[in-house]
Amino acid sequence: MNMIEAINDALDTMMGHDPDVVVFGEDVGYFGGVFRASANLQKKYGKSRVFDTPINECGIIGAAVGMAAYGLRPVPEIQFADYIYPGLDQLISEAARLRYRSAGEFTAPITVRSPFGGGIFGGQTHSQSPEALFTHVSGLKTVIPATPHDAKGLLIAAIEDNDPVIFLEPKRIYNGPFDGYYDRPSKTWKNHEGGQVPEGYYSIPLGKARTVREGAAMTVLAYGTMVHVAESVLAEKGVDAEILDLRTLWPLDIEAVEKSVEKTGKCLVIHEATRTSGFGAELVSLVQERCFYHLEAPIERVTGFDTPYPHSLEWAYFPGPVRIGEAVDRLLKD
Amino acid sequence: MADDTAPIRAMHGAPAASARGNLPPLELHVPEPHSRPGEKPDYSWLEIPEAGSLARPDEACPASETWAGTLGMVRVLDEDNRAVGPWDPALDPETLRRMLRTMALTRAFDDRMYRGQRQGKTSFYMKSTGEEAISVAGAFALAADDMVFPSYRQQGILIARGYPLEEMINQIYSNRGDRLKGRQLPIMYSARDYGFFTISGNLATQFPQAVGWAMASAIKGDTRIATSFVGEGSSAEGDFHAAMTFAAVYNAPVVLNVVNNQWAISSYSGFAGAERTTFAARAAGYGVAGLRVDGNDTLAVYAAMRWAANRARANGGPTLIEYFTYRAEGHSTSDDPSAYRSAQEREEWPLGDPIMRLANHLIALGEWSEEQQSEMDREVAEEVRTATKQAERNGVLGHGFHHPFHTMFEDVFEELPWNLEEQAAQAIREREIKWPERVGQKHSGDKPRTSAQGSTESANEDGRGEGQ
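If you're matching them up, the sequences are chains A and B in order.
In terms of the numbering used here, the first sequence opens at residue 1 and continues consecutively.
In terms of the numbering used here, the second sequence opens at residue 1 and continues consecutively.
Hints in this document: simulated from the structure, not taken from any laboratory.
Where hints are given, some of them may not hold.
[Claimed, not checked] DSBU-like mimics (lysine-lysine), calculated; alpha carbons at most 35 Å apart, straight line:
1) B:Lys220 / A:Lys47
2) A:Lys259 / A:Lys237
3) A:Lys263 / A:Lys187
4) A:Lys237 / A:Lys333
5) A:Lys237 / A:Lys263
6) B:Lys220 / A:Lys44
7) A:Lys190 / A:Lys43
8) A:Lys259 / A:Lys208
9) B:Lys220 / A:Lys43
Just so you know, these numbers come straight off a predicted model, no measurement behind them.
The task is simple: from the sequences and hints, build the whole structure.
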């Protein structure tokens, strides 16, 4: 099963499970979403539970807040994460803060799904990685799956969660894992362990990282597409690295991070988002604060550049094997 | 010294004037109110249609039948304090007296809380003086369980629904009885059990939320409708447009209200577009029913809200109502209206005072007297005084009892994550350094609780002056 099918399966599972789950967004109804994540759901659950919306992210998220106040569990889709900005006030000032400002009288169990990240020639309006914005906001949970298996289990947990969750889907790996070499033939999820998706209901707890592979030479902290790129680069270089897929950026599985860095003594943080004030800065600070006496080398950080995502130079921007390889070499030199 | 950068600035800066001398220069219009401090107020621009002159369309009519009326005005009380015309809701005197009393109570509450702020018992207050009819008559026209997404000047709705004054004052004082744990600015109430959504300081955000709530009610086949209020100033926000679009698209059972009180802090209504058309007329562009109402005419407000609520409840769709009124006091206790508007504006406001107009109507009916009015004013002032005394036993802002400060970390998430646990421990350690006189005292419940465990019990460990 690919990641889109897994997400569709999760939505189907939860809609069948809980009559209060509603799915809506631009093009998600009859057509099933531009990436087909909600395909066939309107047919199965009816137009009042799966429907198209006006092109208005403020309205989509604002209406979701009102629906949640009524008692529903809205799962709105923002077609691309780059378009979440018109809805940010509703997300940051309203959804994230309802529980706090009403001392628990009102809550916003909303799951905002949105494809994000580059690698599909989306240009500067279809490729951004805005996750750091959300981790900076008190009251939001930020979830990013790296495999179809995790996408289903994490999305189910997100919908069941009583806090607002931003569920960012790395669209470069919707159809298959990606090793960072844009000129190699695409792979599919079919022959990948992460593409094995159990039928029916299962959930993966938010706030728990996944150890992609164990190792002793260094700890690699990554999420989404970069988990697979890191895995490929380190395997090719023959480095015995421990790779953690964070899965939930916030709440962060700090125990798993500490345990791994204390074991390996070295840490490499990788993300696709722009560098300055990116989530990597938070990870580096946490590791420095909590694991300093275990560190044997300065923490390394590999990221996108501090520019918008350029359409024609996308592969120059992408933090791929060269940039990661150099950071790995620096870490191993010390 | 020669300015070598001049040509570059000329290239990159704004050009000073068009080179085409045969065309008139374009002009920017910046709105200016009709009068400023020291000037005599000018209301000659204001056309007030005669009471009873506007037709009352059927509640089930197509939205377009209401559009002509969005330039007119629903008015019921005439010059002689009689109820006239097709919008007369024909309410019984007992209901009219209850509305009058609720409006008087709201005004008495505002007056007392305003003084409380001036006495330093809280940081901030916002009166609704002159606008009491909008919230109170609106609340009377709705069902008690219809959901309200209010803005910050609808305290009359809570009072009309019987929400305890003491709870409101606890919130205003942010004391240990405040069910919002002292987190919100005064007047930003939340009362789920009274169908009153938590107030946001970000304006107009509640408009699309009300539409979403109404959509949810329709999705679940419920019979309750939603309503929301914005000021005319914040009707300029994108959220207004989002709400109107969603309401129209889904035919949501919602009543969207614009309180046009002429002033958004110091910006007059022209900055929200009032010079071009009425706020009610915006309904037409969305295909939504629209009504413009004399907001100081309690009977007209009731009739309009009732019309729109009935329409929504019968799946007739949303209505946009503009209440034409005047903000008789400052925007808030932090505002000085004499710095930007004519001092006589208030007295000369042609639509009068809502409480006096309703009282005079009841007197004209032979159902009320000036003596009864004076007696009622004494009673409501006493009611507020009693509630204030009760609330003050829970403390006032900065000088009394408040929630234990570890409650600051609760309700960010349902469960307390590790970072907040660590930060709460830090805050509790800091207390011993900042307030050493309290070291050794018993601090009950220092460990923050998760929301699921509940934590609304009042503090019993807070000393006076802490946090100052």
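Hint check results:
1. B:Lys220 / A:Lys47: 12 Å, holds
2. A:Lys259 / A:Lys237: 24 Å, holds
3. A:Lys263 / A:Lys187: Satisfied, since the Cα-Cα distance of roughly 33 Å is no more than 35 Å.
4. A:Lys237 / A:Lys333: 14 Å, holds
5. A:Lys237 / A:Lys263: Holds: A:Lys237 and A:Lys263 sit about 21 Å apart, inside 35 Å.
6. B:Lys220 / A:Lys44: At roughly 17 Å apart (the allowed maximum being 35 Å), A:Lys44 and B:Lys220 satisfy the hint.
7. A:Lys190 / A:Lys43: 27 Å, holds
8. A:Lys259 / A:Lys208: This hinted pair holds, its Cα atoms lying about 13 Å apart.
9. B:Lys220 / A:Lys43: Distance of about 18 Å is within 35 Å: holds.
When each numbered hint is compared with the structure, no violation occurs for any of them.
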